[in-house]
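Visitor: Position 46 (the sequence shown) corresponds to 45 in numbering that gives the first Met the number 0; numbering is contiguous.
No lab work stands behind these hints: they were computed from the structure. Mixed in with the good hints, there may be bad ones.
To be verified - Each computed DSS-like pair below joins lysine-lysine, with the alpha-carbon atoms no more than 25 Å apart:
1. Lys32 to Lys122
2. Lys32 to Lys10
3. Lys48 to Lys132
4. Lys108 to Lys10
5. Lys48 to Lys32
6. Lys122 to Lys48
7. Lys132 to Lys32
8. Lys122 to Lys108
9. Lys102 to Lys119
10. Lys10 to Lys48
11. Lys122 to Lys102
12. Lys132 to Lys119
13. Lys102 to Lys113
14. Lys32 to Lys119
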Amino acid sequence: MASQPALQRLKGHFAESGNTPEAWSALWEQDFKPWERSTSSPALIDALKSHATLQGGLRTNGTRKKALVPGCGTGHDVIVLADAGYDAVGLDGADLAIEAGVKLAEEHKQELGKNGGSAKFVKADFFASEWEKDADALSGFDLIYDYTVSQLTRSSWFMLILVVPVCFESIYASCLG
Numbered sequence: 000m001a002s003q004p005a006l007q008r009l010k011g012h013f014a015e016s017g018n019t020p021e022a023w024s025a026l027w028e029q030d031f032k033p034w035e036r037s038t039s040s041p042a043l044i045d046a047l048k049s050h051a052t053l054q055g056g057l058r059t060n061g062t063r064k065k066a067l068v069p070g071c072g073t074g075h076d077v078i079v080l081a082d083a084g085y086d087a088v089g090l091d092g093a094d095l096a097i098e099a100g101v102k103l104a105e106e107h108k109q110e111l112g113k114n115g116g117s118a119k120f121v122k123a124d125f126f127a128s129e130w131e132k133d134a135d136a137l138s139g140f141d142l143i144y145d146y147t148v149s150q151l152t153r154s155s156w157f158m159l160i161l162v163v164p165v166c167f168e169s170i171y172a173s174c175l176g
């Protein structure tokens, strides 16, 4: 957990420069990453172990399940999801974060192949749509693991369509009886 002075510095940094990929990149370049734990989120590990339905593997159509981690940072959560059998995509706006993720995936290459999953890292702003093609996002994701998107910006988070495609006609038909 970040110290109070570190939290104040973060708050001041984003108040001054906004919550943009460039602002995050500046923190990486300064090697100021009080959020970095050098391990995956314990909550993610626990959820994957406790809920069999969250395990990766194949969809009913034979394609591999996909997971997205926006704001992936060093990529530890991406690696855990790939190890669980997902084709996992880490998304971050900071070049140094993507480089760290690629390096981590290389270090864990042997383990990742055991369950068929893969790890991919894409440099992009989650709130812009230019990354969707690079992340193979057009077919959606079976799981999106996020704890980085501020609650203040979640109202603009329109990317829900990536999680589960919805046929609105069938929803309206069921509502109309």
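Visitor: Now tell me, hint by hint, if it's right for this structure.
Guide: Here is how each hint holds up against the structure:
Distance restraint check for Lys32 and Lys122: the Cα-Cα separation of roughly 18 Å lies within the 25 Å cut-off, and the hinted pair is therefore satisfied. Taking the CA atoms of Lys32 and Lys10, the gap is about 13 Å. The hint holds against a cut of 25 Å. A C-alpha spacing of about 31 Å is found between Lys48 and Lys132, which places the hinted pair above 25 Å, so the restraint is violated. Under the criterion of a C-alpha separation no larger than 25 Å, the hint pairing Lys108 with Lys10 is inconsistent with the structure, at around 36 Å.
Note on Lys48 and Lys32: the hinted pairing is violated, with a Cα-Cα distance of about 28 Å set against a maximum of 25 Å. The suggested pairing of Lys122 with Lys48 is violated, with an alpha-carbon distance near 29 Å, which exceeds 25 Å. As the CA atoms of Lys132 and Lys32 are separated by approximately 29 Å, the hinted pair breaks the 25 Å bound. For the proposed pair Lys122 and Lys108, the alpha carbon gap of about 20 Å is at most 25 Å, so the pair holds.
Taking the CA atoms of Lys102 and Lys119, the gap is near 11 Å; set against the 25 Å cutoff, the hint holds. With a C-alpha separation of about 34 Å, the suggested pairing of Lys10 with Lys48 is violated against the 25 Å cut-off. Taking the CA atoms of Lys122 and Lys102, the gap is about 14 Å. The hint holds against a cut of 25 Å. As the CA atoms of Lys132 and Lys119 are separated by approximately 13 Å, the hinted pair is consistent with the 25 Å bound.
Taken as a hint, the Lys102 and Lys113 pair is honoured in the structure, with Cα atoms around 19 Å apart against an allowance of 25 Å. Between the alpha carbons of Lys32 and Lys119 the distance comes to roughly 22 Å, so the proposed pair stays at or under 25 Å and holds.
In terms of the numbered hints stated before, the structure departs from hints 3, 4, 5, 6, 7, 10, listed from lowest to highest.
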